[in-house]
Each structure stands twice: as structure tokens, then as C-alpha cells.
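Colleague: Chains U and R supply the protein sequences, listed in that same order.
Here our numbering is used: the first residue of the first sequence is 236, the next is one more, and so on.
Here our numbering is used: the first residue of the second sequence is 236, the next is one more, and so on.
Don't read these hints as lab results, they were simulated from the structure.
A couple of the hints might just be wrong.
Heads up, the list lumps identical chains together, so a pair's fine if it works in one copy or across two of them.
Claimed, not checked - Straight-line distance between alpha carbons at most 25 Å, and here's what the computed PhoX-like set of lysine-lysine pairs gives:
hint, residue 1, residue 2
1, K430, K494
2, K532, K294
3, K241, K494
4, K256, K323
5, K319, K598
6, K447, K526
7, K422, K551
8, K422, K522
2 protein chains.
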Amino acid sequence: MRYSIKMDRLKASAIRAVQKKIVSKPGVISFAAGLPDPDLFPMDDLRNATLNVIDNKGKTAFQYGLTKGYAPLLEKLAERMNEKELVKCTKDNITITTGSQQGLSLAAMMFIDEGDIVLTESPSYLGGINACRPYGAAFMGVDTDDEGMVIADLEKKLKENDNVKIIYVIPNFQNPTGKAWSYNRRKEFMEVVNKYDVVVVEDNPYGEIRFKGEFIPSLKSLDTENKVMYLGSFSKILCPGLRVAYICADIEIANYAEKLKEGLDLQCNQFAQLQVYEYMTTCDIEKHIEKIQLLYKEKCDAMIEHIKNDFPKCIKYTDPEGGMFMWLELPEGMDANSLLDKSIERGVAFIPGAPFYANDGAKNTIRLNFTVPSVEEIHKGMKIFSDLLKEVCK
Amino acid sequence: MRYSIKMDRLKASAIRAVQKKIVSKPGVISFAAGLPDPDLFPMDDLRNATLNVIDNKGKTAFQYGLTKGYAPLLEKLAERMNEKELVKCTKDNITITTGSQQGLSLAAMMFIDEGDIVLTESPSYLGGINACRPYGAAFMGVDTDDEGMVIADLEKKLKENDNVKIIYVIPNFQNPTGKAWSYNRRKEFMEVVNKYDVVVVEDNPYGEIRFKGEFIPSLKSLDTENKVMYLGSFSKILCPGLRVAYICADIEIANYAEKLKEGLDLQCNQFAQLQVYEYMTTCDIEKHIEKIQLLYKEKCDAMIEHIKNDFPKCIKYTDPEGGMFMWLELPEGMDANSLLDKSIERGVAFIPGAPFYANDGAKNTIRLNFTVPSVEEIHKGMKIFSDLLKEVCK
């Protein structure tokens, strides 16, 4: 078969490769996953909402709908973006997507021609990078510190490269590092961005899972020039299986996304959109999110406790105020990949950090997830992991 | 904003434009839609299946799943492809897609580089054509008669154009014409195709809705060289709102589709896949399909009755043995578009046929849908439409 050049550009997910190693070893405590804790899914509420959809909306829930999305859900999302994210918008700015992953690939298709540049944080989310690969994007990591992208490096790269089309960022509790950008950095970032003909893809699946510190406004809420394409999702605050997410952007971008989506998959699942709408209108999602925050804080605290008390002092770590991940930096020269094999043998899995860099990545980095294992498993797994690190970091 | 060249290549759906005209005129009887009859959705069975999913599968139904699809559903589909379509395959050959539309866009992305050629029937399905546009496909219509693609013309076009990558066909009750390919033509088609390095995308959403004549095997069942990428769907035999469809193809193609889909939207709705699986294992889908066949036959017969008795004899028409559509050819020189405005004014809508041709299309053609209106509406609408045609076809 003569495949297109797009297929040569694909890269298999490094996370999946690790998952396969784990599956073959039952009983392993996994800090490798990127899943929300399924025990937090509000099953009774979801059951009621689902029944309401069938009994009250009937056949329309199973019929074709609009590519842009179920109109009452669009309204509801616009309302919530105004209230919770302080973003001035109407339903015209929203388009429903199959997970934020589809928002990422729509952005890539909309803006990337062969050779165009995507600027990313360094490291960044693998799925965001992979979404851009088929269309021939080149990637450039922007230096990133604890407050966000380093402005001087961002500006340098924008100045030197006319064909930067997308700046892809996750300003809240980033996957993989768990870091959140400061308010000042967000403002500085938007000031710079406004000087260039570029779109900012703001991926915000974790923003509402802040369990420490103060709310910081999204880039979209600071976006005076309609440069930000904001991606929101129900995957981490309700459940991922329904694949309901959304774009909030300039009307022109939202409309282009709709037009492109028509050829890609016509529309998202109608039933799932009604389930989410029904859940939002009859249940208390804000209260539910508080519950998520509480449990994830407890799990994160348990993990941090072991890092502070048991890890060799040469290991650097992030101390996230929300989200699902934290990030480790082993001493230079160490290879997280070879550590992984030893670790899995002892019963603990994690994701080596190198694949999270668009180009060559630091081999001495590790992503840890704290949402899937129970608190008990975190204690048990982190003890094993600490012992291993003490042995290898001599 | 500097959009990619892909956005210049998009074309808005002509069907949507007609739909907008209709919406503004309430009370219009529509033969314009492409929807299944929602009164046929098996609501009680869907309700039970949905409840079973929540109560028996619980949280896993709302969690992330595999990109390839829910494993038991893949097994079930492979089983059904063997039994009903006589296609030898296993679950490794299957990948779940968000509607067949996603199967079409996956095929386009997998095989089309700029300037590559897609051969289509003439006319063909708009959505199939639009799925290929963003990647720079050129389109060539192959002459098509009542038995399928004309082999001599197909072979000529394959011989003369080395960069034909996809042959896109709907051999069963095609949208828009309602025609089905003969068995002999299918065999001849595969013999020719086997001589070229090309993929056949066989789009078969309507195959099971045969309400007259004998079953004819799919191209996939005659595919000795793994050239056929078969697209199956639950949209027309169960309901479209769940967006559950599938690719059945050579393992290499199925795997590439999975890899590509990972970047596009990660995976299909997990809950919907479980709903469909539960429905298939606890309800009688074959009996349900018989019910669809019966009602669609009654509706098709009602439409044909008016065409035979009331239409001016200068109008040609197809007499479908299944599916959802039939096709009219008005005398040459007539323009279906200007007829549409008059028709809507009198209360009847249809879709002009020209946009169903990849390049320039016959303006004197019309697609009629018979599944959405009731039998009564068909009688009423066809009477109005016949009267109009008698006036303009003098």
C-alpha cells in the first residue's frame, strides 16, 4: 500500500509502551497512568441523568444532531465560561469536540502547513504534540520555569521564526509537570503574543482541579485580541468515557472548526451530549468538583510526604497545587528508562519524561500520577520507589 | 489568522444549505433529509441495554478505553462480519470509528497526499468527497451504470493515472442514487482493482436495509488481495446518535487507522460502545432490521407509485431495492435548483443532485429521501411534487 506522507510522521505513544510493560506484570502499583480516579465518577447522578435523557428526550437523543453540538449544551457551556472562567462569550464561540484531543487536532489541521512551527512548553503534553505531527509541523520547545514560559525565550523564538503558527500551552497543572503559570506571567505572555500573527492553544483540562492556592484567570480571559483557542473538557471533572469536550474561541475559529469537523466525523455523540447537559442541569457539578479536589489533595500530599522524607536530596520535584501529575528530576546522567525496568520488577511503574519533549528530551526526568492509585497504594509504592532511588542515587 | 491551506480546500455541504431553507419554512414535507426514521429506534431495548451497562459494567463504562475500541465489541463485529457479510476476519481487522464519516476521513488521511486522485462513482456521497478535500485530493468520476462502475472506464482511469490512491464506492443502495451493484460487476471490479496499487474504500451503511431482491456479497468478501477497507455502521440499522461505526480491513490498515485516531480524538465514546455491545448481545438486532426493511419498503413503494402514475414520462428514476434514497433525472436543460425554490413554496423539499458530483454535476438531477416522511406525508408531498413537475415539464 502507498500510504501518505502523514503516516511516516506519526509517532507511537511512549506512554502506551509503558502500559504494555505493566499489563504483563499484574500487581504493579502504577504511577504511570493519566486517568482520573473512577471511584469519583458520580454513578448515581450519572444513572439518573442518563435515565432522564431516555425518558424525557426520547428518540432525539439517538438521532443525528448538529456538527457544532447540542444547542442547550453550547448555551450552558458559554454561561459557565462566563461565570467560572471570566471569559466573555456566547454559544457562537463554542464547538463541541470528541475529547480535547479532537480540539488539538482541529487546531493542528486549521493552522499547520508543512514546515510550520508549533511552540510548546518544554516538556509538554505528548498528545498535543502528536496531534500536530501528521501535518508536517516542526516543534520548538520554549524555556519554561516555575512561573510558565520564559518570556524572553518566547519572544526570541517568535521574532526569529515567521512561520510559528501555534503556541501550545497548558497553564494549569500541566501534564506532565503539574506546574501552574503565575498571573503575571500570563499577562506578560499575552502582551507578547498580541504582537504576532499566531494562535494560542490553551489546553485546560485540569484547571478546575485546584486543591491548593488561589484561582488564576485563564489566558482566554485575558485575551483582548481573540488569539486564544481555549480547550475545555469534562474528562477530568466528570468522566472521560463520554468524550465530551469543547473549544471556546473567536467565532471565526469556532466556525472553521465546525466546518472541518463535518468532514472528520460529522458530529459528536448526541446521547453523550444530552447526558452531560442533563447532569449539569439537574446535579451539582461544582460540589462534585470539590470532592475531586479533596481526594486528589490527599493523594498528592501522601506522595509529596514520601518525596520530602524518603527521597535522596539530589532529586528535584514539583509540588503541584492541582491536577493529576508531578515531575521528578534525577541527577544528570541518570536514565529514567533503565530505572523503569528495575522499578517494575519491584512492583512500581512510572513514565520516563523524555518523550514529553517535542524533540530531544531530558532522560533523567519522570512523570508521576497520583490520581489512580489509592492512598494506601501511594504509601506502599512510594516506599518501594524511595528505596530503589536511595540505592541508585548513591 | 493565517489558516492552513487545508481550510481553503473545504467546501460547505450543499445539503445543509437546503436544510436551512427548509427550517425557515415550517410545515414543509421534506424528502431532503438523510436521516433514518426515528420512530424505528428500539427505545425499550435501548433503555434496557443502557441500564444494563450502568448497573453491570459500572465505572468502566465511563472511564478511558482503548483507541482501537472496546474489545468484546470488536469480537462481536468480527463474528458478525463473518456470518452476515461472509468476510473472513478477526477482531484484529476491526477499528471502531465515530460514524463512518471518521472511517472516510481516516482513509483520506492515510492515503492522500496533495494531488493524489480519488476515483468515485458519478454521482457519489458528498461526505465521502468532502472527507478527502482537506488533504489536497483531486477527484475523478468513473462512469456508472445500473450495475455499478463501468469497468472499461475504471480501467482506463487507473491505467492513465498512476497516482490514483483511493477508489471510493457505495455498492449497496448508494447515497444518492439508491442503486446496488450487480454480483458480476463486483467480481469484475475486484479483478481490475487487484492489478493496481490502490485501496478500495467500500462504504456500506445501507447494505442490510435490503427490502427487495437477493443478497449480494460485499466487495470485502470478494477481496483476495486485502485491497478493501470496508466501512460498516450502526447509524442506519440501530441509531446514528451513538456514532458507533467501524473499519474492517487488512491488519496493517486497521493498525494505521488506530495509530492515526490516537492523535485525532484518542478514542470513541466508551459508554456508547458498551450500549451497542449490550444491545447486540441481549436484543435481536436481526429481527429489528427486518422491521426497518418492512417500513422502508412501504415508504419506497408509496413514492414509486406516484412516480409511475403521476410523473411526466420524461422523468427518469431509480427503483431501489433497499436503502433510503432514490434518484430522478429531469429532462436535459432543466435546473433542479430553481425547481427547489418553487417546490419549497408549495411545501415540498428535496436535494438538487449536482453537488453529489465531485466536479461539475448534472443540474437536472434530484435526490429523494423516503425514510423520514410518514407514508401519509409521502402521498401528500408526492402529489404536490407531481403537479409541479407536470407544470414545468410541458
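Colleague: Each hint needs a verdict: does it hold in this structure or not?
Modeller: Going down the list of hints, with the structure as the test:
1. For the identical chains of this complex, K430 and K494 are neighbours neither inside a copy (28 Å) nor across copies (37 Å), given an alpha-carbon limit of 25 Å.
2. Proximity of K532 and K294 under a CA criterion of 25 Å is satisfied inter-copy only: 22 Å between copies versus 42 Å inside one chain copy.
3. Proximity of K241 and K494 under a CA criterion of 25 Å is satisfied in both settings, with 21 Å inside one chain copy and 11 Å between copies.
4. For a Cα distance limit of 25 Å, the shortest separation of K256 from K323 qualifies neither inside one copy, at 46 Å, nor across copies, at 31 Å.
5. In this assembly of identical chains, the alpha carbons of K319 and K598 never lie at most 25 Å apart, being 38 Å within a copy and 51 Å across copies at closest.
6. In the homo-oligomer, the alpha carbons of K447 and K526 lie at most 25 Å apart inside one protomer (14 Å), although the nearest pairing across protomers, at 58 Å, exceeds that limit.
7. With identical chains, the CA atoms of K422 and K551 are never at most 25 Å apart, being 28 Å at best within one copy and 66 Å at best between copies.
8. Taking the shortest Cα distances, K422 and K522 never come within 25 Å of each other, neither inside one copy (30 Å) nor across copies (62 Å).
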